[in-house]
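Chemist: Model the full assembly from the supplied sequences, consistent with the hints where possible.
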Amino acid sequence: MGKQDIIDRILSDAQAEGDEIIKTAQAKAARILADADAFAKNETAETEQECKAFAKDLTEKKLAAARLECAKIALAEKRKVLDYIYAVALARLKTRAKEEGAAFYAKLLELYAEDGDVVYFSEDFDIADSVAMLPVFQKKNLQVAKERAKIDGGMMLVGKKADKDVSFAALIQRDKEAHLAEIAAEIF
1 MGKQDIIDRI
11 LSDAQAEGDE
21 IIKTAQAKAA
31 RILADADAFA
41 KNETAETEQE
51 CKAFAKDLTE
61 KKLAAARLEC
71 AKIALAEKRK
81 VLDYIYAVAL
91 ARLKTRAKEE
101 GAAFYAKLLE
111 LYAEDGDVVY
121 FSEDFDIADS
131 VAMLPVFQKK
141 NLQVAKERAK
151 IDGGMMLVGK
161 KADKDVSFAA
171 LIQRDKEAHL
181 AEIAAEIF
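Numbering (the working numbering) for the sequence shown: 1 to 188.
Certain hints may be false.
Said to hold, decoys possible - Derived DMTMM-like pairs: lysine to aspartate or glutamate, alpha-carbon spacing no greater than 25 Å straight-line:
hint: 1; residue 1: LYS94; residue 2: ASP175
hint: 2; residue 1: LYS98; residue 2: ASP152
hint: 3; residue 1: LYS160; residue 2: ASP129
hint: 4; residue 1: LYS98; residue 2: ASP129
hint: 5; residue 1: LYS164; residue 2: GLU177
hint: 6; residue 1: LYS176; residue 2: GLU77
hint: 7; residue 1: LYS164; residue 2: ASP115
hint: 8; residue 1: LYS80; residue 2: ASP57
hint: 9; residue 1: LYS150; residue 2: ASP126
hint: 10; residue 1: LYS146; residue 2: ASP124
hint: 11; residue 1: LYS176; residue 2: ASP165
hint: 12; residue 1: LYS80; residue 2: GLU147
hint: 13; residue 1: LYS164; residue 2: GLU147
hint: 14; residue 1: LYS107; residue 2: GLU123
hint: 15; residue 1: LYS94; residue 2: GLU177
hint: 16; residue 1: LYS146; residue 2: GLU123
hint: 17; residue 1: LYS94; residue 2: GLU110
hint: 18; residue 1: LYS72; residue 2: ASP57
hint: 19; residue 1: LYS139; residue 2: ASP163
hint: 20; residue 1: LYS94; residue 2: ASP57
hint: 21; residue 1: LYS56; residue 2: GLU46
hint: 22; residue 1: LYS161; residue 2: ASP115
hint: 23; residue 1: LYS164; residue 2: ASP175
hint: 24; residue 1: LYS94; residue 2: ASP83
hint: 25; residue 1: LYS72; residue 2: GLU182
Said to hold, decoys possible - Label-pair ranges, simulated between beta-carbon atoms:
hint: 26; residue 1: ALA65; residue 2: ALA30; range: 45 to 55 Å
hint: 27; residue 1: ALA66; residue 2: GLU46; range: 27 to 37 Å
hint: 28; residue 1: LYS176; residue 2: THR47; range: 51 to 61 Å
hint: 29; residue 1: ALA34; residue 2: GLY2; range: 41 to 51 Å
hint: 30; residue 1: LEU82; residue 2: ASP57; range: 31 to 41 Å
hint: 31; residue 1: LYS28; residue 2: ALA65; range: 50 to 60 Å
hint: 32; residue 1: ASP163; residue 2: LYS62; range: 50 to 60 Å
hint: 33; residue 1: SER130; residue 2: LEU68; range: 52 to 62 Å
hint: 34; residue 1: GLU99; residue 2: LEU68; range: 38 to 48 Å
hint: 35; residue 1: GLU186; residue 2: ILE127; range: 34 to 44 Å
hint: 36; residue 1: ALA169; residue 2: SER130; range: 50 to 60 Å
hint: 37; residue 1: GLU186; residue 2: ASN141; range: 37 to 47 Å
In short, the hints are calculated from the structure, not lab data. As the structure is a prediction and not an experimental result, all values here were calculated from the model. For each residue, glycine too, the CB sits at the ideal point set by N, CA and C.
Modeler: Following this line, the structure appears as structure tokens:
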């Protein structure tokens, strides 16, 4: 074997060994790339799941907030309807008091006045003289106050034990407290 054969053989062995190293490195690189790709796909899938869960949670919260806001708006509108009903009732009560006159106030005094009460009429009360002549004044020993009360129609009864607000606004408010729930149930 000549020098050239030895050199060729060394080069051939080196080339084979280099090819083997390259082949091993390429296989290792392919495994690393495959592992990295699998890891990336797994991370992407997990991140997508987290994002979907977050979006679902956020959507549910926004929907719940929207439902709550809608319920608040509906409740406020129902409240306006009920307030309107009682405003109309107050107007009708005032109309009825004017139509019935002294008889209307006789009924109120029979219901609410106690023996010896002082009756304070509202500032706009225009039939005080005829109401003061009612038999209930003698029967319950009632007195008419010289001053007028700053109330929305009706009268105030000032007694020895307790005072009673028999103004139209107070009568409507009492009815509202007693019957609002059943009226709301009937309407809505």
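Chemist: So, for every hint listed, does it hold in this structure?
Modeler: Outcome of the hint check:
The straight-line distance between the Cα atoms of LYS94 and ASP175 is roughly 15 Å, inside the 25 Å bound, and the hint therefore holds. Taking the CA atoms of LYS98 and ASP152, the gap is near 14 Å; set against the 25 Å cutoff, the hint holds. Distance hint between LYS160 and ASP129 is fulfilled; the C-alpha atoms sit about 24 Å from each other, no more than 25 Å. Our distance criterion of 25 Å between C-alpha atoms is met by LYS98 and ASP129, whose separation comes to about 15 Å.
Among the hinted pairs, LYS164 with GLU177 is consistent with the structure: their alpha-carbon atoms are about 17 Å apart, no more than 25 Å. Of the pairs offered as hints, the one joining LYS176 and GLU77 holds, with about 17 Å between alpha carbons and a cut-off of 25 Å not exceeded. With a C-alpha separation of about 13 Å, the suggested pairing of LYS164 with ASP115 holds against the 25 Å cut-off. A C-alpha spacing of about 34 Å is found between LYS80 and ASP57, which places the hinted pair above 25 Å, so the restraint is violated.
Taken as a hint, the LYS150 and ASP126 pair is honoured in the structure, with Cα atoms around 14 Å apart against an allowance of 25 Å. A distance of roughly 14 Å separates the Cα atoms of LYS146 and ASP124; the hinted pair therefore holds under the 25 Å criterion. At roughly 15 Å between alpha-carbon atoms, LYS176 and ASP165 fall within 25 Å of each other, so this suggested pair holds. Proximity of LYS80 to GLU147 is assessed by CA-CA distance (about 36 Å); at most 25 Å being required, the pair is judged violated.
At most 25 Å may separate the alpha-carbon atoms for a hinted pair to count; LYS164 and GLU147 meet this at roughly 16 Å. Taking the CA atoms of LYS107 and GLU123, the gap is near 20 Å; set against the 25 Å cutoff, the hint holds. Simply put, LYS94 and GLU177 have alpha-carbon atoms about 19 Å apart, close enough for the 25 Å limit, and the pair holds. With a CA separation close to 11 Å, the supplied pair LYS146 and GLU123 stays within the 25 Å bound.
Between LYS94 and GLU110 the alpha-carbon distance is near 19 Å, which keeps this suggested pair within the 25 Å criterion. Our distance criterion of 25 Å between C-alpha atoms is met by LYS72 and ASP57, whose separation comes to about 22 Å. The straight-line distance between the Cα atoms of LYS139 and ASP163 is roughly 19 Å, inside the 25 Å bound, and the hint therefore holds. For the hint pairing LYS94 with ASP57, the CA-to-CA distance comes to about 55 Å; that exceeds 25 Å, so the pair is violated.
For the proposed pair LYS56 and GLU46, the alpha carbon gap of about 15 Å is at most 25 Å, so the pair holds. Pair hint LYS161 plus ASP115 holds up; C-alpha atoms about 10 Å apart against a cutoff of 25 Å. Distance hint between LYS164 and ASP175 is fulfilled; the C-alpha atoms sit about 15 Å from each other, no more than 25 Å. For the given pair, LYS94 sits about 17 Å from ASP83 by alpha-carbon distance, which is consistent with the 25 Å threshold.
For the given pair, LYS72 sits about 20 Å from GLU182 by alpha-carbon distance, which is consistent with the 25 Å threshold. Hint check: ALA65 to ALA30, Cβ distance near 52 Å, so the stated range 45 to 55 Å holds. Range check, ALA66 to GLU46: Cβ separation about 30 Å, and the 27 to 37 Å hint holds. Distance hint for LYS176 and THR47: a CB-CB separation of about 57 Å, consistent with the stated range 51 to 61 Å.
Checked against the given bound of 41 to 51 Å, the beta carbons of ALA34 and GLY2, roughly 47 Å apart, stay inside it. Look at LEU82 against ASP57: about 37 Å separates their beta carbons, and that is inside 31 to 41 Å. The hint said 50 to 60 Å for the Cβ distance between LYS28 and ALA65, and at roughly 54 Å that hint holds. One distance hint, 50 to 60 Å for the beta-carbon pair ASP163 and LYS62, holds here, with the actual separation near 53 Å.
A beta carbon spacing of about 55 Å between SER130 and LEU68 agrees with the range 52 to 62 Å that was offered as a hint. Our hint of 38 to 48 Å for GLU99 and LEU68 holds, since their Cβ atoms are close to 46 Å apart. For the hinted restraint 34 to 44 Å between GLU186 and ILE127, the CB-CB distance of approximately 35 Å keeps it satisfied. The given range of 50 to 60 Å is broken by ALA169 and SER130, whose C-beta atoms sit roughly 23 Å from each other.
The beta-carbon spacing between GLU186 and ASN141, approximately 42 Å, falls within the hinted interval of 37 to 47 Å.
Checked against the numbered hints listed earlier, the structure breaks hints 8, 12, 20, 36; every other hint is satisfied.
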